[in-house]
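Residue numbers (my numbering), protein chains in the order written: chain S, 1 to 570; chain X, 1001 to 1174.
Be aware that one or more of the hints could be misleading.
[Claimed, not checked] Chain X is nowhere near these chain S residues, computed Cβ spacing over 10 angstroms in every case:
| no. | residue |
| --- | --- |
| 1 | E95 |
| 2 | N118 |
| 3 | N204 |
| 4 | R224 |
| 5 | E370 |
| 6 | M484 |
| 7 | L500 |
| 8 | S530 |
| 9 | I559 |
[To be verified] With a straight-line Cα cutoff of 20 angstroms, these simulated DMTMM-like cross-link-like pairs (lysine to aspartate or glutamate) come out:
| no. | chain 1 | residue 1 | chain 2 | residue 2 |
| --- | --- | --- | --- | --- |
| 10 | X | K1140 | S | D65 |
| 11 | X | K1131 | S | E39 |
| 12 | X | K1074 | X | E1030 |
| 13 | X | K1138 | X | D1099 |
| 14 | X | K1067 | X | E1123 |
| 15 | S | K234 | X | E1174 |
| 16 | X | K1138 | S | D555 |
| 17 | S | K234 | X | E1144 |
| 18 | X | K1138 | S | E541 |
| 19 | X | K1131 | S | E38 |
| 20 | X | K1138 | S | D134 |
| 21 | X | K1138 | S | D65 |
| 22 | X | K1131 | X | E1144 |
| 23 | S | K378 | S | D555 |
No wet-lab data here; the hints were simulated from the structure. Predicted model, so just to flag it, every value in this text is computed and none were measured. Glycine residues also receive a C-beta, built at the ideal position from the N, C-alpha and C atoms.
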Amino acid sequence: MSLLLGTSASKKRRAGDEAEEDEAAAAEEEDRISALPEELRLRILSLLPLKSAICTGAVSSRWRDLWARRWPDPSSLDLHLFPENTPDQILESLERRGRRRLDRFSLTIHPRNYSSPNLIEYLRRYLDYAVACDVEDLHIYMADYFMSILCSRLYFPPGTYHLARLSICRIGRVSFDISWGGNVFFSALEVIHLRSVRFVDLDNLLSSCPRLRTLDLRYCEGVRGTIECRHHLKSVTVAECNNVNKIHADRASGLRSFRLSSASFPTYDIPVTAPLQDLYISLRGPYPRKPLSYWIRALPHLANLTALTICSVALRRVYALARFGSPACLTKLRNLPNLKELQLLMFEMDSTNLAHIYVFFRTCRCPQLERLFVQLPKNSHDTSEDISLEMAEENEPDEELSEEEEPHEELCEEEETGEELSKEYETEEELLEDEILEEYMLKDDRLFYEDMYEEDPIDEDISEQSEDDLPEYGLTNLVLAKMMKFKGDYFELRLVSFLLRKATGLKKLLLVAPQGNHMEEFGEDQMDTSRFLETKLSRLERASSNAEIIVSESDHAEIQPLHSDVFAKF
Amino acid sequence: MAAPESGDGNNGAARMVTLISSDNTRFEVEAAAASLSQTLQLTILDGGGGGGDGIPLPNVDSATLSKVLEYCIKHAPAAANGGAPNATAVDRAELERFDNEFVNIDQSVLYSLIMAAHNLEIEGLQSLVAKKVADMIKGKSPMEIRRTLGFPDPTPEEQAEMNAHMLEYGWAYE
Chain S
1 MSLLLGTSAS KKRRAGDEAE EDEAAAAEEE DRISALPEEL RLRILSLLPL KSAICTGAVS
61 SRWRDLWARR WPDPSSLDLH LFPENTPDQI LESLERRGRR RLDRFSLTIH PRNYSSPNLI
121 EYLRRYLDYA VACDVEDLHI YMADYFMSIL CSRLYFPPGT YHLARLSICR IGRVSFDISW
181 GGNVFFSALE VIHLRSVRFV DLDNLLSSCP RLRTLDLRYC EGVRGTIECR HHLKSVTVAE
241 CNNVNKIHAD RASGLRSFRL SSASFPTYDI PVTAPLQDLY ISLRGPYPRK PLSYWIRALP
301 HLANLTALTI CSVALRRVYA LARFGSPACL TKLRNLPNLK ELQLLMFEMD STNLAHIYVF
361 FRTCRCPQLE RLFVQLPKNS HDTSEDISLE MAEENEPDEE LSEEEEPHEE LCEEEETGEE
421 LSKEYETEEE LLEDEILEEY MLKDDRLFYE DMYEEDPIDE DISEQSEDDL PEYGLTNLVL
481 AKMMKFKGDY FELRLVSFLL RKATGLKKLL LVAPQGNHME EFGEDQMDTS RFLETKLSRL
541 ERASSNAEII VSESDHAEIQ PLHSDVFAKF
Chain X
1001 MAAPESGDGN NGAARMVTLI SSDNTRFEVE AAAASLSQTL QLTILDGGGG GGDGIPLPNV
1061 DSATLSKVLE YCIKHAPAAA NGGAPNATAV DRAELERFDN EFVNIDQSVL YSLIMAAHNL
1121 EIEGLQSLVA KKVADMIKGK SPMEIRRTLG FPDPTPEEQA EMNAHMLEYG WAYE
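Could you build all of it, start to finish, from the sequences and the hints given here?
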C-alpha cells in the first residue's frame, strides 16, 4: 500500500500541464480512490444514504457491488410469511439478528386466516423492527386483497429518518403520528409507491416528506379530492384513483414524468416550463360529459418529451381541435421534436378512431419517432360504454361514478383556468362550441369515414384530407411498431396497412394476439387463422422493403414500451 | 480517540518525539499529538521516538505527514481531555471550523490522507476524511460522481455497464 501511495503521489506531482498527462492523471485519480482498501471504501459508503450508495455501483466495475456490503450481512431482508410459518418464529430470528442497519426490508404476507388484531399486531412488530434498524428501502405487500382491506394496518413509529423509499401494496390503512416529527416525519423519503391502499391521509403524508421526488399511486380509492404536489416532485403517477379530482402540481417546476390514468377526468396543472420527458394520459368515462380541452391546455411545453402514451379519448379530442379548433389550440402538441416512443391506448377501434390516429400523425409532428405501440381493445365493437365504468385490473369494488353534479363543477373550473391560460387559445366559449360542433360532425364523420374505408384505396381518403405527401406523417424514422391484442379485424388491418405504407424505414412490425384464444369465437383453428392473416398481410403494400412482419401468440417481453403498465382494462 | 494520560511528558516540558517520513524528512512533534495515532502510541509508550532515533514511517511521505501532524496537534488537547467532556462550545466550534477548513484540499492529498490516517490508525482523521469523500459523492448521479472523482469519460463498455446498473436499480436514479 505504501508503495502505491508513494509512487502515485509523486507521479501526480510530475504531471505537467500537457493534456496527455492530465488524462493520465485523471485515470490515475480513478485508480487512487478505487485502490483504497475495501475497508476504507466501505467506510465511505456507510456514510452515504442508500440512494447515493447505489449510485456508486454504476460508477465503475470496481465499485459495482461494494455498496451492498456496507453493513454486516444480511443488510437486505426479503421475508415471506407463508401460512405454515408462525410470525413469532420469524420475529424471534429477527431479534437474534439484532438491530443492525438495514438497507432494505421487504415483507410479503401470503394468504392465511389471521385474526384482525393478530395481523395488526404482527405488522406493527415487523414495522417497528425495520424502523429500529434505520431501514432505507421498505416494502410491505399483502398477497390477499380482501383480507388486507379487512384487517391490515400500518402504523409508522417515529424514527423513520433514514427511510428513502416506501412501497406498500394492499394495506387497509396507513398512518403515522404527525405530532412526533412535525412536517419532517419522513425527512429522507424520496419515493412513495402506494398500491391498493384503502385509507391514507395523503395530505399529511405528502406534507411530511420534504424531499419527495416520486409519487406513485395506483388503485387507491381512498385517496380523494386534490393531490397537492410539492415543488421537489419529479415524477407523478396517479392511476385508477378515481376519487381524485385534481392534481395540483403547479409548483413542481422540475416535473419530468407525469402519468395519469383515470375513469373520472381529474383536472391537473403543471408549470408550463416543466421539463416533461414522459407523459401518460389515459382518460375515459362517460364521454362527452366533460370537455376534454383542459388536458391539452394544462400541458406544459413538450419540447423535451421522449415518450408519450395517449388514449383514444384524448386522440378524439386532438382530432376535434385539429379539424375544428383554431390553429392555436394545439400549439403544444403540434411539435414533439424529441418524441422517440408513442403508445396509443385504443379503447375502441373503428373508422373514427382510425381517422383520429391519422390526424394525430398529421398534426403532431414527431420526426424522431422510432417506436410505436398500439394497445387494441379486446373486442372490436364499440366498447366505450363498457370501459367508462369498468374498474381496471385490481378488484376494488366498482364504485359508481357519482358524477351527476360533477360536470358542472368541472365546467366552472374550466372557465377559471381558461381565463388564466386563454392567451394562446381561443376562448372557452369557442372551445365549448367546438365540443358541440365536434359531436355534430362526428356523427356525420362516422358515416363519412365508414364509406371512405369501405372503398378500399385508403390513399384516396388521405389525398382528400390533405394534398401533402408521405413525409407529412413524419413516420420516416419509425423502425418498430407493435400492436397488442391484434385480432386481424378490418380496422386493425387498415392501421397495419397505413403503417406499412407510410413508415419508410420500418424494420419490424409485431402483431401480438390477445391472451387466450380469441380465434375460438370464430370456430377456426389457430393455424388457419394465422395463415389467413399472413396471406392478407403479405398482400399489403410496403414502403420499407425490409420490413419484417411477425404475428405471434405470445408477447415479446423484451420489446416493451417505457409505459409498460396499462392501468385501464379494455 | 482518547490519548493516554501518560501522553503528557513526565518532566515539566512536553515530551517530544521524532517521526521520519518515507522521503526522509524528520518531524519533531509532541508525544501527545503523535499518540493520536494508535499505531504510534504503542511505540511511544515503549519509549520509542525520542532522542536521535526517530520513528520511521515508510508509508507516509513528508507532504502528507505534515498535514497529518497539523491535524494531530490541533486535536491533541481535546483528545487529552478524554473526548473533551468539559470542552466549551466555543472550543468545539473552533475544532469544527478547523476540520472543515482542513479537508478543503486537493483530492490527491485527500486520498493520501485517508490512507495515512488508516495506516496510522487515527480514528478522528479517518472519519473526517471519509466524511469528506462521502460528501463529494452524496446526491450525485454516477456520471457526476465520476467527474467529481476525476474519472476519465467512460468507455462504451463502461457506459453499457452503467446503464445496466441504472436499469436494475431504477428507483435510485429517479
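We went through each hint and held it up to the structure:
Look at S/E95: its CB is around 29 angstroms from the nearest CB on chain X, clear of 10 angstroms, so calling it non-interface holds up. Consistency note on S/N118: stated as away from chain X, and its beta-carbon is indeed over 10 angstroms from all of that chain's, at 32 angstroms minimum. Look at S/N204: its CB is around 23 angstroms from the nearest CB on chain X, clear of 10 angstroms, so calling it non-interface holds up. The non-interface label for S/R224 is consistent with chain X: the shortest C-beta to C-beta separation is roughly 26 angstroms, beyond 10 angstroms.
Interface exclusion of S/E370 from chain X stands, the closest Cβ pair being 17 angstroms apart, more than 10 angstroms. With 10 angstroms as the threshold on Cβ separation, the claim that S/M484 sits away from chain X holds: the shortest Cβ distance comes to roughly 22 angstroms. Look at S/L500: its CB is around 32 angstroms from the nearest CB on chain X, clear of 10 angstroms, so calling it non-interface holds up. For S/S530, the non-interface assignment is confirmed: its Cβ lies about 34 angstroms from the closest Cβ of chain X, beyond the 10 angstroms cut-off.
The claim that S/I559 lies off the interface holds: its Cβ sits roughly 15 angstroms from the closest Cβ of chain X, which is beyond the 10 angstroms cut-off. Taken as a hint, the X/K1140 and S/D65 pair is honoured in the structure, with Cα atoms around 18 angstroms apart against an allowance of 20 angstroms. Note on X/K1131 and S/E39: the hinted pairing holds, with a Cα-Cα distance of about 14 angstroms set against a maximum of 20 angstroms. Of the supplied pair hints, the one linking X/K1074 and X/E1030 holds, its CA atoms being roughly 11 angstroms apart against a limit of 20 angstroms.
With a C-alpha separation of about 19 angstroms, the suggested pairing of X/K1138 with X/D1099 holds against the 20 angstroms cut-off. For the suggested pair X/K1067 and X/E1123, the alpha carbons sit about 15 angstroms apart, so the restraint of at most 20 angstroms is met. Distance restraint check for S/K234 and X/E1174: the Cα-Cα separation of roughly 8 angstroms lies within the 20 angstroms cut-off, and the hinted pair is therefore satisfied. Distance check on the hinted pair: X/K1138 and S/D555 sit about 40 angstroms apart at the alpha-carbon level, beyond 20 angstroms; violated.
The suggested pairing of S/K234 with X/E1144 holds, with an alpha-carbon distance near 19 angstroms, which does not exceed 20 angstroms. Only pairs whose Cα atoms come within 20 angstroms are accepted, and X/K1138 paired with S/E541 is rejected, the gap being roughly 56 angstroms. Of the pairs offered as hints, the one joining X/K1131 and S/E38 holds, with about 16 angstroms between alpha carbons and a cut-off of 20 angstroms not exceeded. For a cut-off of 20 angstroms, the pair hint linking X/K1138 to S/D134 stands: about 18 angstroms separates their Cα positions.
Note on X/K1138 and S/D65: the hinted pairing holds, with a Cα-Cα distance of about 17 angstroms set against a maximum of 20 angstroms. Between the alpha carbons of X/K1131 and X/E1144 the distance comes to roughly 18 angstroms, so the proposed pair stays at or under 20 angstroms and holds. Distance hint between S/K378 and S/D555 is fulfilled; the C-alpha atoms sit about 15 angstroms from each other, no more than 20 angstroms.
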